[in-house]
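Novice: Protein chains in written order, with numbering that gives the first Met the number 0: chain A, 0 to 257; chain B, 0 to 280; chain C, 0 to 328.
Warning: the hint list may mix true and false statements.
Unchecked claim - Cut-off 30 Å, straight-line C-alpha distance, at most; resulting in silico cross-link-like pairs (DSS-like, lysine-lysine):
no.: 1; chain 1: A; residue 1: K191; chain 2: A; residue 2: K9
no.: 2; chain 1: B; residue 1: K178; chain 2: A; residue 2: K144
no.: 3; chain 1: B; residue 1: K178; chain 2: A; residue 2: K148
no.: 4; chain 1: A; residue 1: K191; chain 2: A; residue 2: K148
no.: 5; chain 1: A; residue 1: K144; chain 2: A; residue 2: K191
no.: 6; chain 1: A; residue 1: K22; chain 2: B; residue 2: K178
Unchecked claim - Quick list of simulated restraints, FRET-style, between CB atoms:
no.: 7; chain 1: C; residue 1: G167; chain 2: B; residue 2: R159; range: 55 to 63 Å
no.: 8; chain 1: C; residue 1: F129; chain 2: B; residue 2: A19; range: 18 to 26 Å
no.: 9; chain 1: C; residue 1: A286; chain 2: B; residue 2: M25; range: 35 to 43 Å
no.: 10; chain 1: C; residue 1: V80; chain 2: B; residue 2: G18; range: 53 to 61 Å
As the list claims (entries may be wrong) - A few chain C positions that, by computed beta-carbon distances, are all more than 12 Å from chain B:
no.: 11; residue: T73
no.: 12; residue: P157
no.: 13; residue: R163
no.: 14; residue: V165
no.: 15; residue: L171
no.: 16; residue: G174
Read the hints as simulated data drawn from the structure, not as lab findings. The model shown is predicted, which means the values in this text are computed figures rather than measured ones. The beta carbon of each residue, even a glycine, is placed where N, CA and C say it ideally should be.
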Amino acid sequence: MNDPSTNSPKPKIVVDRLNAWFKTAHVLHDVTLSIPALSVTAIIGPSGCGKSTFLRCLNRMHELTPGARAEGTLRLDGQDLLARGVDAVHLRRRVGMVFQRPNPFPTMSIFDNVASGLRLNGIGGDHQAIVERCLRHAALWDEVKDRLKGAPSSLSGGQQQRLCIARALAVEPEVLLMDEPASALDPIATAKIEDLIHELRQRYTIAIVTHNMQQAARVSDTTAFFYMGELVEAGATEQIFTNPRVQRTEDYVTGKFG
Amino acid sequence: MMRLHLRNAVNVAATIACGATVLIAMAPLASVLWLVVSRGAAGLSLDFFTHLPTPVGEPGGGVGNAIAGTAYLVGLACLFGLPVGIGAGVYLAERGDGRLGHAIRFTAEVLSGVPSIVIGIVAYGLLVVPMRRFSALAGGIALAILMVPMLARTTEELVRLVPRSLREASLALGVHEWKTSLSVVLRTALGGIVTAVLLAISRAAGETAPLLFTALNNQYWNAKPDQPTASLTVQIYNYAISPYEDWHQKAWTAALVLLLLVGSLNLAARLFTRGRLRDAR
Amino acid sequence: MRLERTADVTGPVGRAPVAPAGPLLPANRGDRLFAVGLTIFAGIVLLIAGLIVLMLLRVAHPLSASTSIAKFITGTDWDPVQLSFGALPFIYGTVVTSIVAIVLAVPVSVGLAVFLVEIAPARVQPIVSFLIETLAAIPSVVYGLWGLFVLVPLLRSPVEPFLRQVFGFLPLFRGPAIGVGYLAAGLILAIMILPTIASVTIEVLKTVPPPLREGAYGLGATRWEAIRMAVLPYARNGIVGAVLLGLGRALGETMAVTMVIGNSHEIHASLFAPGYSLPAIIANEFAEATGPLYVGALAGLALVLFGITIVLNAVARLLVHGVGSRASA
Numbered sequence: 000m001n002d003p004s005t006n007s008p009k010p011k012i013v014v015d016r017l018n019a020w021f022k023t024a025h026v027l028h029d030v031t032l033s034i035p036a037l038s039v040t041a042i043i044g045p046s047g048c049g050k051s052t053f054l055r056c057l058n059r060m061h062e063l064t065p066g067a068r069a070e071g072t073l074r075l076d077g078q079d080l081l082a083r084g085v086d087a088v089h090l091r092r093r094v095g096m097v098f099q100r101p102n103p104f105p106t107m108s109i110f111d112n113v114a115s116g117l118r119l120n121g122i123g124g125d126h127q128a129i130v131e132r133c134l135r136h137a138a139l140w141d142e143v144k145d146r147l148k149g150a151p152s153s154l155s156g157g158q159q160q161r162l163c164i165a166r167a168l169a170v171e172p173e174v175l176l177m178d179e180p181a182s183a184l185d186p187i188a189t190a191k192i193e194d195l196i197h198e199l200r201q202r203y204t205i206a207i208v209t210h211n212m213q214q215a216a217r218v219s220d221t222t223a224f225f226y227m228g229e230l231v232e233a234g235a236t237e238q239i240f241t242n243p244r245v246q247r248t249e250d251y252v253t254g255k256f257g
Numbered sequence: 000m001m002r003l004h005l006r007n008a009v010n011v012a013a014t015i016a017c018g019a020t021v022l023i024a025m026a027p028l029a030s031v032l033w034l035v036v037s038r039g040a041a042g043l044s045l046d047f048f049t050h051l052p053t054p055v056g057e058p059g060g061g062v063g064n065a066i067a068g069t070a071y072l073v074g075l076a077c078l079f080g081l082p083v084g085i086g087a088g089v090y091l092a093e094r095g096d097g098r099l100g101h102a103i104r105f106t107a108e109v110l111s112g113v114p115s116i117v118i119g120i121v122a123y124g125l126l127v128v129p130m131r132r133f134s135a136l137a138g139g140i141a142l143a144i145l146m147v148p149m150l151a152r153t154t155e156e157l158v159r160l161v162p163r164s165l166r167e168a169s170l171a172l173g174v175h176e177w178k179t180s181l182s183v184v185l186r187t188a189l190g191g192i193v194t195a196v197l198l199a200i201s202r203a204a205g206e207t208a209p210l211l212f213t214a215l216n217n218q219y220w221n222a223k224p225d226q227p228t229a230s231l232t233v234q235i236y237n238y239a240i241s242p243y244e245d246w247h248q249k250a251w252t253a254a255l256v257l258l259l260l261v262g263s264l265n266l267a268a269r270l271f272t273r274g275r276l277r278d279a280r
Numbered sequence: 000m001r002l003e004r005t006a007d008v009t010g011p012v013g014r015a016p017v018a019p020a021g022p023l024l025p026a027n028r029g030d031r032l033f034a035v036g037l038t039i040f041a042g043i044v045l046l047i048a049g050l051i052v053l054m055l056l057r058v059a060h061p062l063s064a065s066t067s068i069a070k071f072i073t074g075t076d077w078d079p080v081q082l083s084f085g086a087l088p089f090i091y092g093t094v095v096t097s098i099v100a101i102v103l104a105v106p107v108s109v110g111l112a113v114f115l116v117e118i119a120p121a122r123v124q125p126i127v128s129f130l131i132e133t134l135a136a137i138p139s140v141v142y143g144l145w146g147l148f149v150l151v152p153l154l155r156s157p158v159e160p161f162l163r164q165v166f167g168f169l170p171l172f173r174g175p176a177i178g179v180g181y182l183a184a185g186l187i188l189a190i191m192i193l194p195t196i197a198s199v200t201i202e203v204l205k206t207v208p209p210p211l212r213e214g215a216y217g218l219g220a221t222r223w224e225a226i227r228m229a230v231l232p233y234a235r236n237g238i239v240g241a242v243l244l245g246l247g248r249a250l251g252e253t254m255a256v257t258m259v260i261g262n263s264h265e266i267h268a269s270l271f272a273p274g275y276s277l278p279a280i281i282a283n284e285f286a287e288a289t290g291p292l293y294v295g296a297l298a299g300l301a302l303v304l305f306g307i308t309i310v311l312n313a314v315a316r317l318l319v320h321g322v323g324s325r326a327s328a
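Extracted from the complex, chain A is given alone in its bound form:
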């Protein structure tokens, strides 16, 4: 468990000279970054800078894109994820993901959606209790407890996204990757997601990609700024936004471009 008194929490994920290609295009250059445990790391940068690609490397979802390749070192609690023989499927049970557009399974009920990760992975136990717990953690329980058998399509966009978060939590990941989770939502739903992230960081390590700088400043402890496939600067959020070391970072956070 994290000791709140330490200034630098132990890194959960360590990235060392990560390079990624999409066919012949070199999309990530020598990225070196530590993601501290039980905290929120925001990944910011202009469109096309590689931040989503980077996030998807962390749970090896980049492998789904034909022609995509990654090399370098990627360690979760000290273990190399990109090494031969490491099973990506098991990795994804420890490193979960929430996507930009909510994608609940349309043919399953709300309850079944949350439980889907458990059922598909053959995980036993008291599914009722687990589903309720995850829906509570996702701040959705009170809104759906009377219609667990209902269809996800009856929920609003923000509720569907929280449903997807609850679903991701059900398999008990240690890390939660969020790829612009609120960009498809209205401001009120966005605020709820941000509050949720604030709650979740007590139990999970979170890495969130966002194009909204104010959001990054609000929710994260650490921020990493990407530009054209390179990690330009990373550090404590407050420092990045008020006193960046690199000129380009300052230009971006002050809105001169992007």
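Here the structure of chain A is known, so what remains is to put chains B and C in place on it, guided by the hints.
Specialist: Then chains B and C, alone, in the frame of chain A:
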């Protein structure tokens, strides 16, 4: 001015002509349905559904064995045709963008245009000749071959419609690819596939030509795959071309039964689709 | 290598780790099996195609010993006793009935499609399309039954005598009116291929971009002129494709034709005369054919039929797809 009147007149004439085509097209439909119902209903009775055919001249009798036979043959066809058709469709949707995929897709398209009687000869060569007998299995295989191309193409389209984000959501939960394909992607497309299957079954139940020299016919009940089997369609044909008046009557009644069967399958498919769409809203 | 959970990080409920430590589970086995299974099913499709060609050739093989392809196709003699087989009467019958079917069905189908897409209010189209689908769902043997007991008597009188009176100067409309024959078969075929041509034409017409029509109206055209000037030329390839698809169906149609064509092994000029088509003779004679040469000859007919329909369908689909891709260009 005259010219404009002429053009308007032409326009009206063309409109009427096109409207008339609707009536021309609907007339045979109305006639067939009306006659099958009105002439066929006279012979309907519980016995007709449950009894075996009687020899010429004897009253009574039914097409019980033919109804059972059709069910048997279609069942055999599904046994072989559904896995191949749906499996090929899933293959084409998930990994069908290579050369093999293109070849299979093209082949399925071409196959769907082959006349059913030609397929009957293929089944004859494949099964009737080596087995030295007409059999339900041969008939079932012929019907299965007819089902496969359409099922494959429809399944491919339906699976391709499933959004990529659902597959990603499942994989991000740490689910294997094969399980994702079966439990998530296929499950999402399942409704459409069920509709396609119902329609394929309906088509198979209405086929006659390929059965004429594969399953042949049978005056009795049959549950063995290596024996000839009666079917509703072949029975209708035999009754219709016979010279006996009472057999003609039986042909109409059997046709009514066949239309009821085919109609309810189509209706089921339609209702199924509509029900699902309502839930999804 | 499985990823081990480190000791000091427990799940949110402090439970045992979800993925227990242990040796490498061949987690890829499921994926590989699945991929192999799918490929097998897909491969069976190719196998079927190969089997069709193989079986037809094998069953027809005895024929090649007794005659050449040219002689078979042009021969007019069909004599199972003397074992002399010629395919021409049946090719002729297939062609004639198909032409009759096309001549009758195309104007009605295209007119129907034009009416539904261009003229009628939009609400009407789904209803009529549903009725057209119903037409298509009726099994062939039921059409044959109806044809035999309803259409044929009608043709016998008053239709064919009337045609003979009016058009009797043409050899097509001469001879005794017995009801069964090329005309009856052609008519039934026309009814059966109407849904095919109509539904494809409807789809094709729907792809015509509205600006095209609007251009014609802007010039002051009447609705029919707009259809003629703008819509039909654009959709022409697709409509031809639809007609070819219908033709393909007509060529292979068996039961309804068998029941009304009269079953004569000879070629006749008049439409009122009985004849035969390739599928019809196979349907009637295959089950009782004895001897490898007789069976082989019937299989040879099937090969001819197979060849024609394959080529026709390929051309048809090329044309229909061509319109679609132009619409998206």
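Novice: Give a verdict on every hint.
Specialist: Evaluation of the provided hints:
Note on A/K191 and A/K9: the hinted pairing holds, with a Cα-Cα distance of about 28 Å set against a maximum of 30 Å. About 29 Å separates the Cα atoms of B/K178 and A/K144, which keeps this hinted pair within 30 Å; it holds. For the hint pairing B/K178 with A/K148, the CA-to-CA distance comes to about 23 Å; that is within 30 Å, so the pair holds. A hinted pair counts as satisfied when its Cα atoms are at most 30 Å apart, and A/K191 with A/K148 qualifies at roughly 24 Å.
Pair hint A/K144 plus A/K191 holds up; C-alpha atoms about 18 Å apart against a cutoff of 30 Å. Proximity of A/K22 to B/K178 is assessed by CA-CA distance (about 28 Å); at most 30 Å being required, the pair is judged to hold. Range check, C/G167 to B/R159: Cβ separation about 57 Å, and the 55 to 63 Å hint holds. Separation of C/F129 from B/A19 is about 20 Å and conforms to the stated range, judged on CB atoms against 18 to 26 Å.
Restraint check, C/A286 to B/M25: a C-beta distance of roughly 36 Å satisfies the suggested window 35 to 43 Å. The given range of 53 to 61 Å is respected by C/V80 and B/G18, whose C-beta atoms sit roughly 55 Å from each other. Once the 12 Å rule is applied to beta carbons, C/T73 is consistent with being away from chain B; the minimum gap is 22 Å. In this structure C/P157 is separated from chain B by more than 12 Å, as the shortest Cβ-Cβ distance comes to about 16 Å.
Every CB of chain B is more than 12 Å from the CB of C/R163 (nearest about 23 Å), matching its label as outside the interface. Look at C/V165: its CB is around 19 Å from the nearest CB on chain B, clear of 12 Å, so calling it non-interface holds up. With a cut of 12 Å on Cβ distances, C/L171 stays outside the contact zone with chain B, its closest approach being about 22 Å. With a cut of 12 Å on Cβ distances, C/G174 stays outside the contact zone with chain B, its closest approach being about 23 Å.
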